[in-house]
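Model the full structure from these sequences, guided by the hints.
4 protein chains.
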Amino acid sequence: MPAIDLNCDCGESFGPWPMGDDTAVLPHVTSANVACGGHAGDPTTMRQTVRLCKALGVAIGAHPGYPDMQGFGRRSIPMAPAEIEDLVLTQIGALHAIARAEGVELRHVKAHGALYNDAARTPLIAQAIARAVAAFSQDLVLVGLAGSALIDAGHAAGLRVAREAFADRAYEPDGSLRSRSLPDAMITDPARNLQQAISISARGFALSVTGIQVPVQADTLCIHGDTPGAAARAAALRAGLAAAGVEVRTY
Amino acid sequence: MPAIDLNCDCGESFGPWPMGDDTAVLPHVTSANVACGGHAGDPTTMRQTVRLCKALGVAIGAHPGYPDMQGFGRRSIPMAPAEIEDLVLTQIGALHAIARAEGVELRHVKAHGALYNDAARTPLIAQAIARAVAAFSQDLVLVGLAGSALIDAGHAAGLRVAREAFADRAYEPDGSLRSRSLPDAMITDPARNLQQAISISARGFALSVTGIQVPVQADTLCIHGDTPGAAARAAALRAGLAAAGVEVRTY
Amino acid sequence: MPAIDLNCDCGESFGPWPMGDDTAVLPHVTSANVACGGHAGDPTTMRQTVRLCKALGVAIGAHPGYPDMQGFGRRSIPMAPAEIEDLVLTQIGALHAIARAEGVELRHVKAHGALYNDAARTPLIAQAIARAVAAFSQDLVLVGLAGSALIDAGHAAGLRVAREAFADRAYEPDGSLRSRSLPDAMITDPARNLQQAISISARGFALSVTGIQVPVQADTLCIHGDTPGAAARAAALRAGLAAAGVEVRTY
Amino acid sequence: MPAIDLNCDCGESFGPWPMGDDTAVLPHVTSANVACGGHAGDPTTMRQTVRLCKALGVAIGAHPGYPDMQGFGRRSIPMAPAEIEDLVLTQIGALHAIARAEGVELRHVKAHGALYNDAARTPLIAQAIARAVAAFSQDLVLVGLAGSALIDAGHAAGLRVAREAFADRAYEPDGSLRSRSLPDAMITDPARNLQQAISISARGFALSVTGIQVPVQADTLCIHGDTPGAAARAAALRAGLAAAGVEVRTY
Chain A
588 MPAIDLNCDC GESFGPWPMG DDTAVLPHVT SANVACGGHA GDPTTMRQTV
638 RLCKALGVAI GAHPGYPDMQ GFGRRSIPMA PAEIEDLVLT QIGALHAIAR
688 AEGVELRHVK AHGALYNDAA RTPLIAQAIA RAVAAFSQDL VLVGLAGSAL
738 IDAGHAAGLR VAREAFADRA YEPDGSLRSR SLPDAMITDP ARNLQQAISI
788 SARGFALSVT GIQVPVQADT LCIHGDTPGA AARAAALRAG LAAAGVEVRT
838 Y
Chain B
588 MPAIDLNCDC GESFGPWPMG DDTAVLPHVT SANVACGGHA GDPTTMRQTV
638 RLCKALGVAI GAHPGYPDMQ GFGRRSIPMA PAEIEDLVLT QIGALHAIAR
688 AEGVELRHVK AHGALYNDAA RTPLIAQAIA RAVAAFSQDL VLVGLAGSAL
738 IDAGHAAGLR VAREAFADRA YEPDGSLRSR SLPDAMITDP ARNLQQAISI
788 SARGFALSVT GIQVPVQADT LCIHGDTPGA AARAAALRAG LAAAGVEVRT
838 Y
Chain C
588 MPAIDLNCDC GESFGPWPMG DDTAVLPHVT SANVACGGHA GDPTTMRQTV
638 RLCKALGVAI GAHPGYPDMQ GFGRRSIPMA PAEIEDLVLT QIGALHAIAR
688 AEGVELRHVK AHGALYNDAA RTPLIAQAIA RAVAAFSQDL VLVGLAGSAL
738 IDAGHAAGLR VAREAFADRA YEPDGSLRSR SLPDAMITDP ARNLQQAISI
788 SARGFALSVT GIQVPVQADT LCIHGDTPGA AARAAALRAG LAAAGVEVRT
838 Y
Chain D
588 MPAIDLNCDC GESFGPWPMG DDTAVLPHVT SANVACGGHA GDPTTMRQTV
638 RLCKALGVAI GAHPGYPDMQ GFGRRSIPMA PAEIEDLVLT QIGALHAIAR
688 AEGVELRHVK AHGALYNDAA RTPLIAQAIA RAVAAFSQDL VLVGLAGSAL
738 IDAGHAAGLR VAREAFADRA YEPDGSLRSR SLPDAMITDP ARNLQQAISI
788 SARGFALSVT GIQVPVQADT LCIHGDTPGA AARAAALRAG LAAAGVEVRT
838 Y
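From first to last, the protein sequence lines stand for chains A, B, C and D. This note's numbering applies: residue 588 is where the first sequence begins, and numbers increase by one. This note's numbering applies: residue 588 is where the second sequence begins, and numbers increase by one. This note's numbering applies: residue 588 is where the third sequence begins, and numbers increase by one. This note's numbering applies: residue 588 is where the fourth sequence begins, and numbers increase by one.
Be a bit skeptical, because a hint or two may be false.
If several chains are the same, the list does not tell them apart, and a pair holds so long as it fits within one copy or across any two.
[What the hints assert, rightly or not] The list that follows gives simulated cross-link-like pairs (lysine to any residue, SDA-like), each with its CA atoms no further than 20 Å apart:
1) K641 to V835
2) K641 to A669
3) K641 to R779
4) K641 to P614
5) K641 to A722
Hints were generated in silico from the structure; no laboratory data involved. Small disclaimer: the values here were computed from a predicted structure and weren't measured.
Printed below as a string of structure tokens:
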């Protein structure tokens, strides 16, 4: 029986500023990427988010990002690989301490925003992240874009990896994600989202923008939780996957 | 044979700004309190500092502080006890991750600046810190001002504690530290520093400002590392303690 | 004809995090307190907020706060009066530059949160703020709690002042605001809000919690814009004031 | 008689962390670029620096940088041109307010670090900075690398510009600065520094690394103040220029 994990970002409030609706969205996913105070989050938000995940039985992962609150980690900050390694270590460690106080273990690490993108493309950055994760714990799963440099770096570091794909992003014929600067980059129709989710999960391919089938091997699908109606869409996607015979569970 | 630990703050550089002379001072202490990114420090500074401590064989502890770089953690930020607990957890966790990557363990936790002072006086804050430390690891030693609320909170949480005293601060007849706003609060003469260090370490008392002996039970003495000549003074103090038959070692 | 100004805080988004609904609330007030990057706001949020105020013809003021995003300026940071003076100067200056680029002038300065409260009670802090405002421009109006130390400091500095009162806060018989830690501190009933607004604006007194009338001389009423339904309540209050013969206009 | 301005960065301390030796270096320059809280500086450091400049009669300019303390403004943060315009406005404004409180006027604006470099190369960024400066005041002089996009943008915005050259950086035959990643990029010999300073100031050319003379039209030379011996070198350079008949004065 085919299976897939559903993950979403959470804990991205900061001080007085809320973001997203974690309470509504998290019940529909199996893995949660919790902001660690780099691009978003603060110690008390981290604590509340870990408690919520624990109560829901959702697997908890660290979601490290560039140290840039104002830019929400979406701006690529030029840092040396060794600096990125240290940055990722401290963010994993911060969340780990919160998780330990709540009696749960971290399961995975997924980089955020620009750091995720840089790690997908740049082997030196990918290796820095993999080094940080491996140094912290060989039991952590490294999440990265399917087919990217980060997956390669994770394998080279002896880590378990989880390959991420997207139900709401269009794929190019070469298997890469279509740039958001181009038309038709986002798939907004829920029926097509579900179709792509099932196709990737159960059959290992996506229909590219040119109509050609491209192989996409994935262990987890990214759910975007910060848009209106996100919870309802996540619930529908999960139900649709189950109805199509795809088991939704943590990798 | 009487024994005492010597501790000093370190890793308090930030980005381009150096502080202190850790390389010169750390060889003369037995415990290092490493800034964790709250009042000072950044991931790469933490890494370099942990490496230095490891190379020197100095015990490494977390040095959490209020999240206030500009004020260097010397300003008391009004926070709820639960917020302080979360703050301390994330800072311990950040340093723990760095230490794990370097293959060393954290040994102790000592709060910094205003957080140290608030924890000495305010049981709710002391208990929040003790809760954080105990939740993270029962093997960590909680360092606090001798005779303070933090020591009580550590005991109540079932933690090992290390009681801190000062060779360069004058004591009042009731055993409290003389306020820095009063004259003669600081003991600047090296000979008197050594005398007080020996008296506390070997005999368990200090000569108060009124000339009365007051009991001061201490496991560790604080070395101030950020003043000119700090390394030479630390070396002299350590040598003087040894010459007086006091073993200088980690508690 | 009696007259009153209505003011509200705005521009309190930060980076990716929105706050309040400035577009809905600002049309109903006559003065806007724009966050300046201390407790909230960032350069681009400041620019957009100033543009919105300009388009609406709302008077623009600086809203400086303690440098504490995570605490949203609601935590009192212990700073020397000279530091507070410099802090307020730089925040006024930042907003002034944005306003100048938009071809508008700043009209007033109102401190935020803990800084507002500290300035109401502590003459040294009040004087520091008054010094900053007077040094920047004698044309700026200093807004402060009616009857507070800040109003005194403004007068002493030769500044025009605007005395602030609240339609939704209960007054004690001595004219002070009832502490929020006590019951009945907030007046949530819109009819009673309007009644108090008219009473203060037109007759110069409020009905205290004991039923005794207390004099409250005010030039401006604070509208809270960050609660659900804020815009509708502000519109109703403004209409009610007009219907009662109170002119709503900038002081 | 040929003339040149000497400028240096200053006010780059932050909270407890000092940087540079402004008191020693500033007496030897004619223009000071004061950090504005973006890459370095804080309100009280700004105030002290402006006071020092005023006492020394040194012209004061704003030195805006990317909002990145940890990276000291040396990391290029991807921001939209409009965001950069707002950023520069608020930083100019912050320093302007401090200067106004001290009764002095800002004379120039020089971007810092990565923002300076980006503005030299990227017309959209150069234009954003020029827009900010022109919007704030047509009386401000825009300082930029001689021959760069920023000088062009300043001219297009109708601003007076000051073209900057370097006595301690090697020039390529095309007039560009030799990359620091290449050998011989820095000219460390004081005699050669002076020679290049005189050559640029009095004759309008520099001797490039290949021995070919390249035209370098400059109004100001940059003095690096954060290296050991900076004050003595600055004094010697200034004396040497005077001895060679070059007047050292603000442009």
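Verification of the supplied hints:
1. For a Cα distance limit of 20 Å, the shortest separation of K641 from V835 inside one copy, 18 Å, qualifies, whereas the shortest one across copies, 45 Å, does not.
2. Taking CA atoms no more than 20 Å apart as the test, K641 paired with A669 passes between copies only; the shortest distance there is 19 Å, against 33 Å inside one copy.
3. Within a single copy, K641 and R779 get their C-alpha atoms no closer than 32 Å, and across copies no closer than 45 Å, so neither meets the 20 Å cut-off.
4. In this homomeric assembly, K641 and P614 come within 20 Å of each other (Cα to Cα) only inside a single copy, at 11 Å, whereas the closest approach across copies is 44 Å.
5. With identical chains, the CA atoms of K641 and A722 are at most 20 Å apart between copies only, with a shortest distance of 16 Å across copies and 25 Å within one.
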